[in-house]
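Visitor: Start from chain F and add chain L according to the hints.
There are 2 protein chains.
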Amino acid sequence: MPETASEAGTLFRDETVRRILGKYRLLWALGHALSLMGWDLETYMPRAGVKDRSTAAEELEGLSHRLLLDPELDKLLREAEEKLDSLNVYERGVVRVLRRAVRIAKAVPEELARREARVTSEATQVWKEAKKKADFKMFKPYLEEIVEIQRRKAELLGYEDHPYDALLDLYEEGLRVRHLDPLFNELVPATRRILDRVLTGGFYPSRHPLEDQGYDVERARAMLRRLLDDLGWPWDRGRLDESAHPFTIDMGIDDVRITVRYEGRDIKRAVYSLVHEYGHALYQLQIDRRLAYTPIGTGVSMGVHESQSRFWENVVGRGPWFMGLLSKRLAEHLGLRLEPLELYRYVNTVRPDLIRVDADEVTYNLHIYLRYILEKKLIEGSVMVDELPQAWDDMMEDLLGVRPRSPSEGVLQDIHWSHGSFGYFPTYTLGNVIAAMIWRRLWSGSPELLTGLDLAGLRAWLGERIHRWGATFPPLELVERSLGGKPSAAALVEYLEWKFLRLPGELEEYLPRG
Amino acid sequence: MPETASEAGTLFRDETVRRILGKYRLLWALGHALSLMGWDLETYMPRAGVKDRSTAAEELEGLSHRLLLDPELDKLLREAEEKLDSLNVYERGVVRVLRRAVRIAKAVPEELARREARVTSEATQVWKEAKKKADFKMFKPYLEEIVEIQRRKAELLGYEDHPYDALLDLYEEGLRVRHLDPLFNELVPATRRILDRVLTGGFYPSRHPLEDQGYDVERARAMLRRLLDDLGWPWDRGRLDESAHPFTIDMGIDDVRITVRYEGRDIKRAVYSLVHEYGHALYQLQIDRRLAYTPIGTGVSMGVHESQSRFWENVVGRGPWFMGLLSKRLAEHLGLRLEPLELYRYVNTVRPDLIRVDADEVTYNLHIYLRYILEKKLIEGSVMVDELPQAWDDMMEDLLGVRPRSPSEGVLQDIHWSHGSFGYFPTYTLGNVIAAMIWRRLWSGSPELLTGLDLAGLRAWLGERIHRWGATFPPLELVERSLGGKPSAAALVEYLEWKFLRLPGELEEYLPRG
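Protein sequence lines correspond, in order, to chains F and L.
Under my numbering, the first residue of the first sequence carries the number 1, and numbering increases by one thereafter.
Under my numbering, the first residue of the second sequence carries the number 1, and numbering increases by one thereafter.
All the given hints hold, so there is nothing to weed out.
Copies of the same chain are indistinguishable here, so a pair counts whether it falls within one copy or spans any two.
Dumping the calculated DSBU-like pairs for lysine-lysine here, alpha-carbon to alpha-carbon at most 35 Å:
| hint | residue 1 | residue 2 |
| --- | --- | --- |
| 1 | Lys106 | Lys140 |
| 2 | Lys83 | Lys51 |
| 3 | Lys377 | Lys140 |
| 4 | Lys75 | Lys51 |
| 5 | Lys23 | Lys75 |
| 6 | Lys75 | Lys106 |
| 7 | Lys106 | Lys51 |
| 8 | Lys23 | Lys51 |
| 9 | Lys23 | Lys106 |
| 10 | Lys268 | Lys132 |
| 11 | Lys377 | Lys106 |
Worth flagging that the hints you see were computed from the coordinates, not collected in a lab.
Nothing here was measured: the structure is a model prediction, and the numbers come from that model.
Bound-form chain F, shown alone (with noise of 0.2 Å):
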């Protein structure tokens, strides 16, 4: 491990960018801080602490805020700005990133935030009891206010095409319109031609029996560790505890933790929960050290993050070479016994089905799609809240021919909009894209760590790559320099096309011997 102070000092040689880091570091700590209430929150505190909770971390938010309105933060930026030219990347970056804080913390007046932070916690509460009751009326006038806000916070965060681009770059910078409307409209057709293809092929099945067994919890709790060991968890760096929806937290470089949920059936749901988790952890353990307490010494967006934890989930997890590691461990810890075929099979059912979160590979960017262009239409006003659920199950029959019998599962089954979160979606199927331009590289140059399981041939790849820079470089350009092209749906397609269309015919290479 570098010391940091000097080793961080070779990447930091501008006086300006130097104060700027000084500052910065208040900022860093209240992150430090709010990352644990989080994590707490979700994991260990006790139940009747979450006033006590809040009341903290809103004032710790607010003052966090303050700091970036600071007029003196501002002056050095734009004293760092004048001379970009003469910055190193790693400085550069630290000024594109604060800037970038600094101007969305000024557009959106406190007023609106507090407003946006008041109805987005009632909304929560009443999406969680109208999803109960599948009673969309209920939750309408929060909605409505809610796209209200956003749209307003569109106007005033600002953009050139499309409102909607103000809130995707918010999730995503960098992200427009002008690029997921191309993207999806090739990915769209393309998917529906493959998914026919599967449902009609007879080899990857849409159900499997192992879908209603249960498990023991306890023995499943010592295989999840067991398989983090496998991945070459450092346990000095991270944890795996439990919360009621899985998540991946970090409190530094070298404190990084996930969780994930036992639902007592299904254990391939736990299995990939903890594959997706780890790869969006991994991602923040293999960050450049130095970059600690730097606003470039985390992961550089949404839709990277979602790039790893999906090529750890789908490309490397649910692969062939995967099979024989995780039949060993099925069969040790829950004493389940499935020959690699049946066991691949297992874990890749394809099904159109109405939920996003249980969506497949082949199916899940169908969702995105439906979410991406109602939200888009929500936002321009080109769609009304009163006309969402018709809309919803329209779309929903049109592209994956199911059509949901009650909000529940239809309009209702996601609590993003409740969140207030408008432009996020998009970056699940952009994180697709990434993983599967990531598996075309590594498919086309070094297979060999693919099909061997060659893991700490794939953690160094990742880590040179793409981890070790943070947000150094914007997610685009990072994309473009480490995977040699932008995002688009070639590479997805073809991955598609490869694992579902063409891999049945190839598995026996891949799959271990039974």
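Guide: Same frame as chain F, now just chain L:
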């Protein structure tokens, strides 16, 4: 649960005080975050996270310090102090506690505070090593610098009679040498008289075979959770975890966490550290919820806090009334079957020995007296650090008739000095004194709360008289108001004579039938 904002409105009506509380909220939030960070550090944090954690803590502590020096806060406090007579007790409490914090923050210049932090952080590491190697010389230069820093701090903080007073006051507002000298002058000879009689009396054993007996840690965990249930622990407002050294910490009135440690041998050690921490925690849990987010919504001092832990540990937990419950749990969980009388003798061994943390109720305050005298002399300069080991050993032999064979069981045994905590030790004896005052009040007024092990009644009694007030009154004033007298040796001597000299003859009355 009363709604805080409006309820608090009824307590804090003065406009100046309300503005002070508005400013204080961020300080509270920082304290909340720092408490959680401290808890996590000792319980669940991955090892390598320590560097990021201390970096973050340093930033947040620095900010807290700067907030206390805010001239606007000082101005508001002066404004409130000018109309003190028109304020109610809660408002006055807020002004008093914050003024004290501001005064301390102002007195110690940042440069000295930083030097102390640096030296004590190193000294703690060196102390560990020195204790392991039984090498006082290693630790000596650090201790010399620490004593010098404490003497400078005393001068900067100011005092009337004795420089040690300035340090005492840091841990116990208002406590002075002029209180402690007469207290110890009465307590020490009385204790030695009682000790002599106990040792020749033959009832309280000096050792018990169970002290060497191992136990199953997993079963002990379940037993301790059951005992917390018995004590009425509100699991929705608190936690029980494990750490190298047991402690209690609060994140607010509705989130209080205790830890214990399982050594796998001598089960009473785990049991009584649990009951001890429970006493601390109950104090926090029973503070008036309307004091939340204010500087008086916390325990008032180390001494009063310690009185709560000692009361539960010694008066309740080691009393004959507790033996029925404890023997039941020991039998259920550990298969340990003991007659209540035998159990009472096991948990009440008395022996003059070298180590403070293992000391019994009779000898404990002699250990504190030794440290009190030596600290006072170090601070006034009448003993030098290099004379300390000799002075320690001589005094130990004189007080307890035992002499350390190595500095590890003598002058190097406690961590406190390496932390720079001079003036802290006496609060332990003060805690014992106040616990005895509580016993005396109960014993004369409501003995059935003890004899009947009426735990709910005890909680209510303490909550009403002490806990609910938080830091509204200065500690010595709270004691006088609630227990009807100033802390003095009398109650503690009376308690020790009762328990160790008279009770053996009356035990049958209080012990449950076997």
